[in-house]
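Peer 1: Can you make the complete structure from the sequences, with help from the hints?
Protein sequences, first through last, are from chains R and B. For the first sequence, the numbering used here gives the first residue as 156, with consecutive numbering after it. For the second sequence, the numbering used here gives the first residue as 274, with consecutive numbering after it.
Incorrect hints may appear among the rest.
Unchecked claim - Which bits of chain R does chain B cover? Going by a derived footprint, with three or more residues having C-beta under 8 angstroms, they are: (1) 166-178; (2) 187-196; (3) 216-229; (4) 248-255; (5) 258-265; (6) 275-288.
Stated by the list, open to error - Restricting the straight-line Cα-Cα distance to at most 20 angstroms, the calculated cross-link-like pairs of lysine to aspartate or glutamate (EDC-like) are: (7) R:Lys310 / B:Glu553; (8) R:Lys200 / B:Asp566; (9) R:Lys200 / R:Glu280; (10) B:Lys525 / B:Glu535; (11) B:Lys441 / R:Asp166; (12) R:Lys310 / R:Glu280; (13) R:Lys310 / B:Glu560; (14) R:Lys200 / B:Glu560.
Calculated from the structure, these hints are not laboratory results. By construction, the Cβ of each residue, glycine as well, lies at the ideal position given by its N, Cα and C atoms.
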Amino acid sequence: MSTTITVHRPDVEDPPVEPVQLATRDELPDDAHLLLVDNGKAKAKDLLLHIARELQERLPIATVEVVSKPGAGYVLEDEQIAGLASRADLVIAGLGDCGACSACSLQDALLFERAGVPATVLITEVFIANVARFADSLGRPGYHSLVVPHPAATKSDEQLRAFAAAVADAAVQQLAARQPAIA
Amino acid sequence: MSALVEIAADQLQEEFFARGWTDGLPVVPPTPELVEAMLATVDREAQDVIGSIPSRSRSVTAEQAAVNAVMAGCRSDYFPVVVAALSALLDPSFNAHAALSSTGGAASCVIVSGPLAAEIGMNAGHNALGSGNRANATIGRAVRLVARNIFGAVTGRFDATAMGNPAKYTLCFAEEDPPAPWAALRVRLGYEPGDTTVTVMATEGPRQVANHLNEDPEGVLLTFVSAMRVAATFAVGKGGQGVVVMGPEHTKAVHQAGWSQERAQEFLCRESRIRPEELEGFGVPLEVGSQHDMSPGPDGRLPTVGSPADVYLVTAGGAGPGWSAYLPSFAPLQHTRAVTRRVRMLGEAMPDCGPDGCEVDLPSVPRRD
Numbered sequence: 156m157s158t159t160i161t162v163h164r165p166d167v168e169d170p171p172v173e174p175v176q177l178a179t180r181d182e183l184p185d186d187a188h189l190l191l192v193d194n195g196k197a198k199a200k201d202l203l204l205h206i207a208r209e210l211q212e213r214l215p216i217a218t219v220e221v222v223s224k225p226g227a228g229y230v231l232e233d234e235q236i237a238g239l240a241s242r243a244d245l246v247i248a249g250l251g252d253c254g255a256c257s258a259c260s261l262q263d264a265l266l267f268e269r270a271g272v273p274a275t276v277l278i279t280e281v282f283i284a285n286v287a288r289f290a291d292s293l294g295r296p297g298y299h300s301l302v303v304p305h306p307a308a309t310k311s312d313e314q315l316r317a318f319a320a321a322v323a324d325a326a327v328q329q330l331a332a333r334q335p336a337i338a
Numbered sequence: 274m275s276a277l278v279e280i281a282a283d284q285l286q287e288e289f290f291a292r293g294w295t296d297g298l299p300v301v302p303p304t305p306e307l308v309e310a311m312l313a314t315v316d317r318e319a320q321d322v323i324g325s326i327p328s329r330s331r332s333v334t335a336e337q338a339a340v341n342a343v344m345a346g347c348r349s350d351y352f353p354v355v356v357a358a359l360s361a362l363l364d365p366s367f368n369a370h371a372a373l374s375s376t377g378g379a380a381s382c383v384i385v386s387g388p389l390a391a392e393i394g395m396n397a398g399h400n401a402l403g404s405g406n407r408a409n410a411t412i413g414r415a416v417r418l419v420a421r422n423i424f425g426a427v428t429g430r431f432d433a434t435a436m437g438n439p440a441k442y443t444l445c446f447a448e449e450d451p452p453a454p455w456a457a458l459r460v461r462l463g464y465e466p467g468d469t470t471v472t473v474m475a476t477e478g479p480r481q482v483a484n485h486l487n488e489d490p491e492g493v494l495l496t497f498v499s500a501m502r503v504a505a506t507f508a509v510g511k512g513g514q515g516v517v518v519m520g521p522e523h524t525k526a527v528h529q530a531g532w533s534q535e536r537a538q539e540f541l542c543r544e545s546r547i548r549p550e551e552l553e554g555f556g557v558p559l560e561v562g563s564q565h566d567m568s569p570g571p572d573g574r575l576p577t578v579g580s581p582a583d584v585y586l587v588t589a590g591g592a593g594p595g596w597s598a599y600l601p602s603f604a605p606l607q608h609t610r611a612v613t614r615r616v617r618m619l620g621e622a623m624p625d626c627g628p629d630g631c632e633v634d635l636p637s638v639p640r641r642d
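Peer 2: Spelled out as C-alpha cells, the structure:
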C-alpha cells in the first residue's frame, strides 16, 4: 500500500482581479483627439501613424498625438495615464511584437479603458495567445486587439501602409460607436 | 499559509511534473518540516512579502520562497541568500515583468560577494559557473522556481522566451575576493567588506573568454572586448550592462600591471564601443526613431555598455592557461538594470515601517548618471 506525503503547493492561485470595464463608446465629437502610445519598437510609430491616417478617413478625428515611451518593457504610470486620458478621445497602444512589450502595451490600453477612454492594442499575430493570457490576468478576458502580420519591424513603408489599411475597419469597430458617415 | 496537499509518496515526482511545478528536473518534496527549517534562518514571518510584480498582481512571501528553495535542493543556511536574490530581482529597476516575459529569454544571473559565500560552501573557484556545487546550483534554481511557480514565468503562460538558454535552470556563483588593492564587488558598490551581497542581472548565458598567451593588460582586456562587442548581442549598439568574470591569469595580468579595476572598466566600456558600419556589416540595421537611440557619439561609435559602472567586474574561476567569461545583459539599460541587496541574517529583521514608511540608512552607492 502506498503511503502519502504532505507537501506545500509551490504555486499560487491566480489572484482575484478587478474586472476592467470598457470605456463607453459614445459618439465622437467633431474634433476628436486620437492618442497613439508608441512603445518605441522599430516601425511602431510609423505603423501607428498609418493607422491614424486610415482612421481619419473613417472617423471625425481632428488631431493625432504621439506619445513615445522610453522603453517598451514598462507600463505608463498612473499620473501619465490620467494626464493623457484627460485630452484623448481614442487610444491605440503598440506595437506588441515581443513578449514584454505586447504585455505592457495591452496594459496601457486597459489603463486607458479604466480611465474612460476607448482604446485598443496593436500587436503582431504571433502574440495573440500571449496577449490573451495577460488580458485574462489583468481583468479583461477576450480584450480586442488589432493584429498585423509578424514580423512588422522588417517591413517597408508601403507594406506597413497595407497593414494599416487591413486593420482600419477593425479599429473603427473596436474604438468607436456607430458613427455618422463622414462627408 | 501556502496550501498543503497530500500525494502518494511513490508518485510525488510524477505528480509535480504533471502539475507543472518543476523546471523539468526532479525536486525535493517541500514538506512542512523542511519549509519551517528554511524559514528559521531568516528574520521573516511566513507571510512577509519579499517582493511583487505589480503588473501581475503577484507577490512572493517568505514561505512561498522557502517552499521553492526546498524544492530546488537548498540547504536551509542558503535561504538568506535566496531571499536577498529575490528581493533584488523584484526591485523595479530590474524590471522582472519584462525580464521574465521577454522573447529574449533572460537568465537571472546571481552573484554572491562576501564571507557568507564561503561559509555556506559556495564555489568561486574551478568550475564556478558550472555544475557540481550544491549551493551555486540550488540558490540559482530556487530563484527560477519562484519565477516559474509564483510569477508565471512558464512557456505557455507569461514567459514568451523564443530560444532560451541552459542558464535559465540556474546561474549563480560566488566572487573570489580579488588581490589588494582591488576591491570586491560589494565594496565597490558601497557595502562593508564584512557584508555579503547578492547582485542579480538579467543576462544571456555565459560566453567563454580564452587568451592563453598574453600577459599584457591591454591585450587581455581586448580579448574581453571581442566577447563584448558582438553584433548578435541585442544590447550592443544600444548600451546595456555586462558581467566580466575574470579568471586568475587574466586578473593577474591586469592587476600586476598596476591597473585599477576602474581603469579596466573604463577601458572595456570605451573599447567595446562599436562602429555603426560594423553592426551593419554583420547585417544588423540601425534603429531609427525607436526607443533605442542609435545615434553615434562624438567618437563615431555606439555603446555596448552604458558606462564603465555598467561593467560588473568580478573575479572567479580556477587556475588554467587563461580562461574567463562574459555575460551580457539581455537588453539595453532602459529595460533592465542589475540590482544588489545585502544578505540579512537571523537577528536582522527588516525595519517595521508601518503604513507610512520610515527612513532607512542605506550605504552610499556610486552615483550613476
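Peer 1: Which of the numbered hints above does this structure break?
Peer 2: none
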